[in-house]
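We have chain W; now place chain P onto it with these hints.
Order-wise, the sequence lines are chains W and P.
Numbering (my numbering) for the first sequence: 14 to 968.
Numbering (my numbering) for the second sequence: 14 to 968.
Hints listed in this document are in silico derivations from the structure and should not be mistaken for laboratory results.
Intra- or inter-copy, both count: the list cannot distinguish identical chains.
List time: in silico DSS-like cross-link candidates among lysine-lysine, alpha-carbon distance up to 27 Å:
1. Lys714 to Lys695
2. Lys846 to Lys781
3. Lys714 to Lys846
4. Lys846 to Lys656
5. Lys224 to Lys148
6. Lys656 to Lys781
7. Lys656 to Lys714
8. Lys148 to Lys108
9. Lys703 to Lys714
10. Lys656 to Lys703
11. Lys934 to Lys879
12. Lys200 to Lys224
Number of protein chains: 2
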Amino acid sequence: MDTDTQNGLQKRQKRSRRKRYVYSFGAGQADGRASLNWLLGGKGANLAEMAELGLPVPPGMTVTTEVCNYYYTYGHTYPPELSQQVRTGLRRIEKIMGRRFGHATNPLLLSVRSGARVSMPGMMDTVLNLGLNDKTVHGLIQQSGNPRFAYDCYRRFVQMYGDVVLGLKPQSKTERDPFERIIEEKKAAREIEHDTQFTAEDLQALVSAFKGLIHERSGIPFPDDPHDQLWGAVGAVFSSWNNARAVTYRRLENIPDEWGTGVTVQAMVFGNLGDDCATGVAFTRDLSTGANELNGDFLINAQGEDVVAGIRTPQQITLSASRLRAQREGCSEEERKERYPALEEQMPDCFEQLKAIAHTLEAHYSDVQDIEFTSEHGQLWMLQTRTAKRTAAAAVQVAVDMVYESLINEEQAILRVAPAQLDQLLHPILDPEAPKELIARGLPASPGAVSGEVVFSAEDAEAAAQTERQVILVRIETSPEDINGMNAAEGILTTRGGASSHAALVSRGMGKCAVVGCESLEIDYAQQTFQVRGTDLILRAGDLITLDGSTGEVFRGRVPTSAPRMESPSSKALMTWADRLRRLRVRANADTPRDAQVARSFGAEGIGLCRTEHMFFEGDRIDAVREMILADTTIGRIRALEKIVPMQKADFISILRAMEGLPVTIRLFDPPLHEFLPQTDKDLEELANKLHVPVARLHTKRNVLYELNPMLGHRGCRLGITFPEIYEAQVTAIMEAACELTRSGITVLPEIMVPLVGHKRELEILRKRIAHVCAEVIASQGATPQYSIGTMIEVPRAALRADHIAAAADFFSFGTNDLTQMTLGLSRDDSGKFLPDYVSQGIFPQDPFGSLDLDGVGELMASAVKKGRAVREGLKIGICGEHGGDPASVEFCHNIGLDYVSCSPYRVPIARLAAAHAVLKEQMANGRRPARKESAKSSGAIPGGGVNPSGFSQR
Amino acid sequence: MDTDTQNGLQKRQKRSRRKRYVYSFGAGQADGRASLNWLLGGKGANLAEMAELGLPVPPGMTVTTEVCNYYYTYGHTYPPELSQQVRTGLRRIEKIMGRRFGHATNPLLLSVRSGARVSMPGMMDTVLNLGLNDKTVHGLIQQSGNPRFAYDCYRRFVQMYGDVVLGLKPQSKTERDPFERIIEEKKAAREIEHDTQFTAEDLQALVSAFKGLIHERSGIPFPDDPHDQLWGAVGAVFSSWNNARAVTYRRLENIPDEWGTGVTVQAMVFGNLGDDCATGVAFTRDLSTGANELNGDFLINAQGEDVVAGIRTPQQITLSASRLRAQREGCSEEERKERYPALEEQMPDCFEQLKAIAHTLEAHYSDVQDIEFTSEHGQLWMLQTRTAKRTAAAAVQVAVDMVYESLINEEQAILRVAPAQLDQLLHPILDPEAPKELIARGLPASPGAVSGEVVFSAEDAEAAAQTERQVILVRIETSPEDINGMNAAEGILTTRGGASSHAALVSRGMGKCAVVGCESLEIDYAQQTFQVRGTDLILRAGDLITLDGSTGEVFRGRVPTSAPRMESPSSKALMTWADRLRRLRVRANADTPRDAQVARSFGAEGIGLCRTEHMFFEGDRIDAVREMILADTTIGRIRALEKIVPMQKADFISILRAMEGLPVTIRLFDPPLHEFLPQTDKDLEELANKLHVPVARLHTKRNVLYELNPMLGHRGCRLGITFPEIYEAQVTAIMEAACELTRSGITVLPEIMVPLVGHKRELEILRKRIAHVCAEVIASQGATPQYSIGTMIEVPRAALRADHIAAAADFFSFGTNDLTQMTLGLSRDDSGKFLPDYVSQGIFPQDPFGSLDLDGVGELMASAVKKGRAVREGLKIGICGEHGGDPASVEFCHNIGLDYVSCSPYRVPIARLAAAHAVLKEQMANGRRPARKESAKSSGAIPGGGVNPSGFSQR
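Isolated chain W (complex conformation) (with noise of 0.2 Å):
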């Protein structure tokens, strides 16, 4: 060792010297606590919370997270004292639990589990029964008098050991899992069906087994001292930290690398110890309506990751659950008390202690809880508590819900509902008059209403998706693996799990339609088909099928839909809540009457971009635009326009009335011309048949028009500028509505917006034409509505040159769909073929078209913002790209001081919502904390708990 690095090694160690990197907890005192949850994960801060609060938490104790740091930092090794802290740790379990780790008669046995600061689900590894070995599993016979019990809880372990810590994965895409091939071997020559039916002879074979397979792959005996396997576990839970599904997953959700993960050892309690045990997952109050009940799903004898995943359908915990389940599969009361009694029935004194623990847990910590627990013999352990991701109705009552219980503030309700949630609430849901073909009936897991192609396979979904195809992923199950595929689906449909499974958690998390559980379907993967059990009703890859995820229920086919609105009283009063809170303005994107009614029924307070060449393409009217392109004079196009002016005329009248009192911000004509025209030959010759014109000038104007790149060419005010009386028409229309209901005693406030401007002079040349053409209708017409005339910004020089264009333009609206295309060089329509590689690569840290590029996009407006106001003190601004109904995007523009956001009608909610959080967010940033509750802030919660797409196969 050179000086170098045994000075660097003294460093570490006399630094180290001073930490504490190990946190015990249990028997009603903890070393840690939830709000160390950036240090502990959320897993081992909570244990520790639940320890401090008297709750029977098996004992434990945590390594840090800055010891994962320190793992990757210092090339895979630990701080020198981690094994003494570790040892102490032990010590404290073994003492509490009156075992010993590794003893030969009365063995310890532990858990090794990872955790982070924010949950990831199912991203990294865990290792149960650790400490077993040949001798300790006759302790373990001992202690439990059931040899069978030891021997599979032995087999449990060495297969996890050797997937988890030895990495004997499948070696090939097409081999099996070999532990489980030999089970299958064993069965074959058992002649025996369900694991269940294994001796512990026949476990113990396994195990022998096993570990030969072991040492022949890796090339190194199993391991059987206790310690050693305690430490293969440490390390290989930190090691997941950096496993491909985990990086993937920390870059989906911007979770920095350095947060590394904690890792948990805690004493082992068995829910399969017979039938007097249980294990179980329970939620504090229902996660699909918000209603303030208790439920959850348990199965008898039997492990965690039974209960999630999917092998066997739980029961429900409550009674009135157990019995709605009976109703909906049309069991009798007897039957349900057979097949699936509920806790409350079958295991009274624990629902008792369930029901306390869970209202002692949502009251600290002012959330609804997420939580596991084993029964051992009657005994109740508690082994995680979370808060619980909900679906966004459940989330808005909750979060109201809780106000009126006091147990919250109006503006942590506000802060507990994710703004991008609220689009389940405007998800579509099935027209009730429709007629339907009702094929199955599962759990409804995620509400909403979708139809698609039936695909099997999370690759067919990712496949379809890139094709713009919609589809419904089948599967029996879902797993981690899935992820992207269900992201790419409609819709998700499983015939196994519960409400718990990974599939409806996951779906929630999305906000994407699921039904689960939907056991009448039987799946043939091969075949790429399945069948709706006892019929002959056989459905393929690529039939159309239509989910209610509100009502669990499958239609054959697609079932038109129909749009909702957020009028439950909670949504109201929340909407009430953020409405008084905002700054920003919220307006929507509208260019039809119908669209500017819907807008204003969703609490837009004005429309910041009625597009007005949409309506050049209604009825008749594209005949007069296609008339006014032919023309080759001046005249003739005026002479089109003439035609074209009463129409529009019309459609301001229709929208301005519908905007009474508000803005509406009016974008003059923006394509380029050649997107008039018919595309196909067929189509231009139908064209040429109606105007009386040879079809060879049809060819040669549309081979004239014929654009390179269009949306770099002659489109937006460069058409303005070299075919005035385009625009003077559109403006004569606007004006003269706006006269006629001026007079009839309507206020309007039209503002008439100039597309594309990248020169001052541009808009200097077309406001004064504008303003002519307003005087001389004003002057006609004898009213005088108010009006504006602004600009969009969305070419980067426009924003670059902001201080100068701001002296023409009343106001400014950020158009940053093109504004993102051309800074990022980048055609939405093209991005296709190379998007998903960005993303993947972390090139994009998201789409740049569905969010803000802040870094880039985003400096540039925020430098066109200073520069215009400071021309302009109070220069009204707004946005109206798609990114004015992204929550973060709303956040940004809040703090850039834009005046409002305009966005797609079904989205004004989720802007009012997200203009609300960003003031809230900014008042923390400044040192203002909305929360009450110390442990509600510090839990590590995600505010409304629904972002994350979601499983807990491994927790």
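Same frame as chain W, but now just chain P:
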């Protein structure tokens, strides 16, 4: 009048009382001087300077440009004391001339001319012979003893005044000039052919007819009071500052509106008083070659207009020039003496005087002068002197000669040549070997060699340019109205006029090939043909001809051209001085070994852009490239690329060898893949046969690759990200070439450049891969060439995030073509439909693809340089867009601290000179003046004098 107006008037009066608005000159004295050209305009300032020098200048006075500004600021009024100052000035002129303005027997006649700070030839108006009426004309008869002369002056005056001051223009496009119509009618009535055949009575009758027409058309009688005439003319000159032609000209030449024009009122002298009178234009050196020889044209018994209007072909000033002309025209010495004797022989005294004055003026101004003179009965008068516009060859020769003559220093010499002018020295010359059909010979007016279709009007030339047809504008003569058409044409051919005709001057200014005075051609505008006199050969509009502007030859059809070199000793001297001075390095954009050779011969100090995709098109390679594109798998692509690597390697060996010791920036593959597929269905079918694949597959591939906006699509480093094998193959080829050359002792400096980077992470990923390939090749080849890895800055986001991107880049190169397209949202390919409107309406000061948009794109660049160097001190930064060869852009690049510019090989000398100019301009801006003589700087001369299109029909 309200109080405000009164106060304003008082203020104006008070301020203006202190001001001198009128500057007199004459009789060896002057109030003004050349350095006051900002106040007096160029004409007035130089007349004052000449008067001070004691040269024979008709006395006069100049009303300042401040009066022009006053005139526009205060509603076309004058400062109150102006009239008194004008009266005083008039007294002095009367005194010097011994005549009285408006006097019946001894009248003083005046000229009233415009004069802006820089010459705006023919843009503003002039009135001659002012002061004539029915009384004073008799005085003029008395003075001249020549009634016909007097009435001809009167006729000219009324006609000119009617046109310029009273606005009597043709009333419709089809109407001819109304005065000319009266003249034609008179000729018909009198049955005569030429104006010269009119008697004094005829002319008197014309005056009456003109006045009658004026009264009829304008409703007011012609002003007979000479003072009314004077103020009318002064007002007309000021008004002409804002006529349409002048406004357009100022915009094109970036002349501020606030400069205004002066008005010079000067005593008339007459070159048309008889055969002992003459008028002419002289140049102190040869404006075509730069030879130190007085030269020019004159006409006996003529007024100035007659020389420049090209109506009569003038005689030569020197005997040598006259003889050269005779030689060219195959004219005997006797014939020559008879038809066009030189001034030198016809008026030897006048010639000697002129020669002496020319010498005085050139020494005084230390630059070549363009002089107007008139000889009235043997008395030589100087009417104007100004810096002469000249060809590039002459500019270089004069500048270098004048250094050798100790008239100027090297730095002044450098500033004397406008970098853009060098283009002329680089113009193609006709292939000497090519067969040619000579059809005519004219005067070599502006060098170069061009071919094009014949057009007969400026409008046709402009229209042709819009469709990118190359045309030659063929005219009897040109006028200032033709400027746009001349600019649009490849070359100019006129059948009348000499080396100082409008056509010649403007063409030289534009650096456009021109042949003038080609009298053997007879143009028939109506038939749109010209006939070669004395032959049957008739060419029509649309026929191809070729001009040689260096010999004056005109050829039928297209004659192949070959590239010239800048190899004159004076060019070499000038470039050596420039190279010594400049800081910016100059590289070339070169894709082939041949281009690289040419670039080096032009002084390129490296290659700034070697586009590798061009190599993909050569010969059979396209097949391998298409095979790669059509491959559906990585393996398939790699297999195809393996065929391309050896070919590219051979290219890189040649290029790197040609640029031994100099850096070569190689840009990795950039264009979208679909550019390599055949565009027509027929070609696609052929390709399918060639590759033995179904044509349907190729159709599908083409559809898959189709992009709506390919510029913003899947290209550049995006291909590198999605198909790593493409860049890996290219880098392999580059490094294998570099290693091979290094092993054989040749120093190579490859710089590997990644295109279209927008995000730091793109460059990080690719840099890692590129460095890995380089390391592998180096390891396997046993040679260690230096190399670096950098990026284009061509996406706006890259410029905005330059600080981040710099961390992963060894160098930046601004790709200003794409940066301009994206920042301005402007597709170069598609902008043709509106760019002309944009330039003509002043939205773009110039084509942003020709000269950098400094306010927008420039701002991005400047901030990117700062950001990049803040992170990586001394980061090497260049530019490789086409702006790298534009002088204004080069200056900007110097100012923002770039290390080099890179441009097309033929623009390398321009960039070298521009870089030297940038240094000198910077020094001047910092207060250091390179000028040796005040007068050279203060004469308002544009360095080199050659960039303004010019004519002087009304100077």
